[in-house]
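Chemist: Those sequence lines, one after another, are chains A and B. Counting in the working numbering, the first sequence runs from 4 upward without gaps. Counting in the working numbering, the second sequence runs from 4 upward without gaps.
The set of hints was computed from the structure by calculation and includes no laboratory data. Among the hints, a few may not be true.
Which copy? The list can't say, so a pair holds if one copy fits it or any two copies do.
The calculated lysine-lysine pairs, modelled on DSS-like cross-linking and capped at a C-alpha distance of 30 Å, are [said to hold, decoys possible]: (1) Lys70 to Lys302; (2) Lys219 to Lys187; (3) Lys44 to Lys412; (4) Lys102 to Lys412; (5) Lys70 to Lys412; (6) Lys221 to Lys187.
Protein chains: 2
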Amino acid sequence: MASRYQSYTTIEQLPARVGDTVTLNGWVQDKTGKGKLTFIKLRDGSGMVQCVVFKPSVEERVADDAKSLTQESSVSITGTVRAEERAPGGVEIDVTDIKIWQIASEYPITPKEHGVEFLMEHRHLWLRSTRQHAIMRVRAAVIKAIRDFFDMHGFKLMDSPILTPNACEGTSTLFETEYFDLGKAYLTQSGQLYAEASAMALGRVYTFGPTFRAEKSKTRRHLTEFWMVEPEMAYFDLNDDMDLAEDFVEYIVQYCVQNCRKELETLGRDISKLEAVKRPFHRMSYTEAVEWLHANNVKLNKKQPDGTEIQIDFPWGEDFGAPQEEAIMTQFDKPCIIHRYPSEVKAFYMKRDPSDPRVVLAMDMLAPEGAGEIIGGSQREDDHDALQERIRHEGLSEEEFQWYLDLRKFGSVPHSGFGLGVERTVKWITGADHIREVIPFPRMIYRIVP
Amino acid sequence: MASRYQSYTTIEQLPARVGDTVTLNGWVQDKTGKGKLTFIKLRDGSGMVQCVVFKPSVEERVADDAKSLTQESSVSITGTVRAEERAPGGVEIDVTDIKIWQIASEYPITPKEHGVEFLMEHRHLWLRSTRQHAIMRVRAAVIKAIRDFFDMHGFKLMDSPILTPNACEGTSTLFETEYFDLGKAYLTQSGQLYAEASAMALGRVYTFGPTFRAEKSKTRRHLTEFWMVEPEMAYFDLNDDMDLAEDFVEYIVQYCVQNCRKELETLGRDISKLEAVKRPFHRMSYTEAVEWLHANNVKLNKKQPDGTEIQIDFPWGEDFGAPQEEAIMTQFDKPCIIHRYPSEVKAFYMKRDPSDPRVVLAMDMLAPEGAGEIIGGSQREDDHDALQERIRHEGLSEEEFQWYLDLRKFGSVPHSGFGLGVERTVKWITGADHIREVIPFPRMIYRIVP
């Protein structure tokens with residue numbers, strides 16, 4: 004017995020329903036009139052279709068109702084689906100009946116320009132606009148692609164906890180909360196350490212959830228709450244890790260190209276640039292990247308004790324900032340992985356390169372078109388004593404990390420993983436200006452409503 | 004160009020590789036010997052296989068290595084896949100080579116019995132045990148089924164925020180954190196209100212993330228951090244909502260029956276009871292349920308002012324507790340939806356029943372076999388003034404809920420949704436004793452490590 008809701012028609016189903024009489028439930032995006040005709044642009048979340056009311060063909064009440072509609076009024080519209088080549092979705096509706104649920108008055112977001120602060124205050128309504136709606140559909144597709152990829156490759160989802168007793172990376176700023184009689188708990192910055200324990204139980208796992216940074220960053224690339232997916236694989240070395248990252252990002256981007264073409268066109272995205280994101284990507288070591296900066300005369304701005312800035316050759320051992328990353332990426336039209344960073348700029352859990360102990364087996368993936376870092380990963384330190392030494396060196400609590408050290412005592416194996424930031428990826432694929440547009444309800448240092 | 008990792012063989016692939024020479028990477032679950040034979044039970048997260056070392060057929064080093072293996076030692080084992088009907092997976096490995104990564108000594112979790120507190124302290128290792136491993140694989144399958152179901156039915160994932168400026172349901176206890184200069188933020192108890200805004204933009208949405216309750220509940224059914232999926236549908240009434248909930252739960256359970264048979268057998272689950280979970284489920288109104296309690300002489304224990312307890316007829320208007328729910332469910336072998344609860348025991352956002360204003364259009368789904376409530380949902384109040392009145396009546400801040408009231412001003416529509424608790428569902432399907440076993444790293448009032 005099929006449920007009633009399964010018979011409801013949505014706008015995206017219309018191309019297969021030409022000639023049928025259907026009822027659509029949605030909201031008025033726009034209404035125009037011309038003589039005896041009223042044109043209603045109806046949206047229902049799955050798409051947009053033009054509904055045509057021809058006064059001589061309908062009851063007077065229906066024609067009057069059509070005329071009374073305002074932006075965002077809620078209506079059910081019954082009519083016949085007619086093929087119309089010039090229409091965006093290839094169909095239009097010849098209206099026979101209208102049921103008004105509510106006439107909206109003075110909808111705050113009009114087709115005219117609004118300031119960002121105003122739109123952010125009205126995020127609950129702004130999401131209905133064509134552009135935001137398209138971004139949200141791409142976001143949902145990116146997340147579906149992420150999960151499908153891992154499910155296809157034998158990974159099991161293993162949720163890491165959000166409330167944690169300590170910092171994954173000791174230095175960053177954390178949101179904290181009182182946890183009953185157990186003292187303070189912190190909102191996770193990464194599920195990785197737990198994912199490592201899970202990988203020792205299930206082989207290939209991924210953890211996927213919200214992560215938090217209480218950083219006072221006000222850039223276009225920072226949120227205080229963002230979603231991160233972190234695969235972790237037993238018996239994967241750095242090369243396997245980089246291969247997986249390339250396969251993964253190619254899959255996500257090509258999935259969107261195939262399944263979100265309409266949305267990407269709505270957003271004015273140059274789809275050919277996404278189509279070019281195919282393996283193999285570019286790769287270079289950190290040392291090669293520094294040499295490239297030298298050869299191409301990309302300098303580092305360094306503050307002097309007296310407050311002035313001077314330009315110096317980029318010193319081996321410094322971490323790259325956005326200017327260096329952007330300079331390196333100007334030469335590439337697809338992502339580039341930079342690997343083997345100086346150990347001092349990377350986290351304690353990364354494995355030293357046996358062939359060069361100055362560097363760790365880390366890798367970052369930078370996306371083209373100025374999108375910046377979307378992936379950070381590494382092969383993990385699997386030697387108990389080396390890891391213990393690093394924990395001590397960083398001044399972290401050995402007692403609190405005992406369970407993590409246990410993973411190196413009871414059947415330690417080479418293992419690797421990475422984290423991909425969902426919002427940075429969606430920003431890159433959609434070409435959105437600011438990261439606040441690619442999550443339904445963004446959280447930034449100056450915004451927690453609505 | 005296929006990546007190297009794609010050529011790695013996992014134990015679950017072995018039935019298709021009979022006759023091939025393969026290398027498996029894993030951990031030793033158990034080792035026994037008999038004369039010239041050593042039997043190694045190898046697990047790799049995807050499954051378990053017995054590897055047979057026959058001393059006369061291998062180099063001496065290999066035979067010695069096999070003998071040296073201890074529980075949870077990490078090894079790569081090379082050998083030939085041989086069909087073996089009596090083996091659990093239908094195959095065994097005739098070993099030709101062994102590479103030892105680490106010999107584990109004194110692994111704390113032995114095949115003997117351990118206390119729960121000890122196991123919880125070692126959760127990072129306990130996850131490797133056969134039973135926990137099976138539960139985690141069912142959990143991953145449940146979550147995959149949840150997402151697949153909604154993706155198939157035209158829903159879009161719309162993540163609700165975790166950090167919120169106020170409580171969704173004003174009365175419960177919240178975890179709080181300082182949020183920069185904006186005062187306090189709270190960890191979400193439900194993404195529903197945001198999902199309602201999203202549904203007005205995308206039609207059918209679901210939000211899926213961790214939710215938090217700082218309740219001091221010490222039952223077998225409570226966690227402080229748990230995962231909840233919350234679909235929300237524009238233009239769905241209570242009947243549609245209940246139909247969707249039935250389709251959804253049937254899909255999840257039957258997906259597990261089809262895809263997790265091995266795991267459910269490992270857990271000793273009576274699979275025939277899950278196979279019976281097919282639509283239509285049972286339904287009764289709250290009022291009918293109260294009448295059933297009266298007819299079946301199920302009393303309510305009520306505390307008197309002097310501290311003694313008396314048994315009274317269940318009074319219409321009280322909320323059901325576990326004893327009433329369990330009594331009602333004794334008659335059913337599949338879930339039952341109870342609908343139309345007294346408005347005073349339900350949340351402010353639920354719509355009054357137009358035909359009986361004493362009750363709201365709420366519904367809870369109870370699972371059989373003592374599993375209790377797994378779903379709570381309702382049709383939402385879509386009338387601006389009625390909702391405003393309810394917000395005032397509850398003493399909630401009208402200003403903070405302004406954005407939520409906006410949804411009833413600008414194209415309000417009938418809409419409904421529900422929340423399904425992932426852990427309660429996994430507990431039911433797996434038959435686990437305690438909810439702490441069905442999430443990788445449980446958080447309870449007395450536990451936040453590891």
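Chemist: Determine for every hint whether it applies to the structure shown.
Modeler: Tested hints:
1. Lys70 to Lys302: Classified as neither: same-chain Cα gap 63 Å, cross-chain 59 Å, threshold 30 Å.
2. Lys219 to Lys187: Result: close both inside a copy and across copies, 21 Å intra and 16 Å inter.
3. Lys44 to Lys412: Between. Shortest inter-copy distance 20 Å satisfies the 30 Å Cα cut-off; intra-copy 64 Å does not.
4. Lys102 to Lys412: between (68 Å within a copy, 17 Å between copies)
5. Lys70 to Lys412: Answer is between; shortest inter-copy Cα gap is 20 Å, intra-copy 75 Å.
6. Lys221 to Lys187: Result: close both inside a copy and across copies, 27 Å intra and 20 Å inter.
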